[in-house]
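Residue numbers for the sequence shown follow the numbering used here, so the first one is 1 and each next one is one higher.
Fair warning: there could be bad hints in the mix.
Taking lysine to aspartate or glutamate pairs in the DMTMM-like style, the calculated list, with each CA pair at most 20 Å apart, reads [as the list claims (entries may be wrong)]:
1. LYS66 x GLU49
2. LYS66 x GLU299
3. LYS306 x GLU152
What follows is a set of in silico ranges between Cβ atoms, one per label pair, in the way DEER data are often shown [to be verified]:
4. ARG203 x THR106: 23 to 29 Å
5. PRO372 x LEU304: 27 to 33 Å
6. THR225 x ILE192: 17 to 23 Å
7. ASP163 x ASP126: 49 to 55 Å
8. LYS306 x ARG370: 50 to 56 Å
9. ARG33 x TYR158: 30 to 36 Å
10. ARG386 x THR334: 28 to 34 Å
11. THR334 x PRO372: 15 to 21 Å
12. GLU382 x LEU87: 51 to 57 Å
13. PRO13 x ARG373: 26 to 32 Å
14. LEU87 x PRO13: 45 to 51 Å
Treat the hints as calculated values from the structure; they're not laboratory data.
Since the structure is predicted, the reported quantities are computational estimates derived from the model, not experimental observations.
Don't be surprised by glycine CBs; every beta carbon is placed ideally from N, CA and C.
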Amino acid sequence: MTIEAAPLPTNRPNPFDPPEDYRILRENQPIGRMVLADGSLGWVVTSYELVRFVLADSRFSADGRKTTSPHRILPEAARKPRPGFFLQMDPPDHTRYRGLLTGQFTVRRMKALEPRIREHVTDTLDEMQRAGDSADLVGSFARRLPSLMLCELLGVPYDERGDFQRFTGGAPQTNLPRETAERSAQIGAALIATNEYVLSLVRRKRKQPGDDMLSGLMTADPTLTDEEIAGMGRLLLLAGHDTTASMLSLGTFLLLQHPEQAAEIRRDPEAVNRAVEEIMRYLTVVQFGAFRAATEDLEVGGQLVKAGETVVCSLAAANRDPRQFADPDRLDVTREHTPHLAFGHGAHFCVGAQLGRLEMRIGYRELFTRLPRLRLAVPPQEIEIRTGSTIYALGSLPVTWS
């Protein structure tokens, strides 16, 4: 069965399930043609096996400049390569930068961060309860926690943390395939502001280093420029904020629709570890997947992919592949083994995965334990879900616990 090429699907009849088109593609054409932002053709991969293959194979580049057609149309500020921002780099630059940043996620730092996460969660829940018996969980909890932890990692001064939280929480997400002129300008302005702030923070750390990641990078490699360190810091902001915030809010919404599974988290403190992995697999908030450019002609799943062609790996489709997961469309927080791809795979596996897991484990556990009567304050169909962004997320999540 040959399926006509189309843009990446975004329509979700069920807010928690990937678009139905992905299932059809995975069953009939696990690597198929798709229409890119400029109207040219690329490829979309939807099976677990092929997604892992593409993400692990060095013949596919993460550098968007190596493709013959763009997978998205972005403002100039977003297209310009920046030193240290290794998300879209290949070896040897990617290897060098990633190794330096990975070296900052030490066992000691993670152990030190765990009680700080608990403290921030406790303080946030205390503040919510003091304010009444209802809240918008997106703004008051889900976006606040990862922002506070990024302050810890980057060494943001205490008197700037309130501004930093508003700053990180207000940046618009990047949509596909192309932006309106107004939104493109907003994205460009947010990127410029982010770059300027992180760079100013790095320059202050040069003069007065502390026990934070930016200072640690300076010590680990004295040859790094301020711009390179700022680029690595900006990568932490991109990878560590919206993804975790979306998981905390969407995961809570999901569990409120499955109270018997939320009860597992309350009943067994260890159950939250399995629950986090299952919720990540089930939701896969990086919904448009990972983009790669073929650097030479090669065969993928029986199809000839030519050098320069863009290949989109749908992580969401792969994480619902029945050849890998039994009954994949059923949420089961007791699922024992969940080798999901929500953090990616291969050389670009999420460098902050350990921290993200910690935030979700502590966040879900404390939220459902502290607020056993937590429930939606509006009918579920009234919840605003943003499905047109790279990271699919909630606009708000009104809840009550009276």
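task: Any hints from earlier that this structure breaks? Give me their numbers in increasing order, please.
output: Hint check: 1, 3, 5, 7, 9, 12 and 14 fail, others pass.
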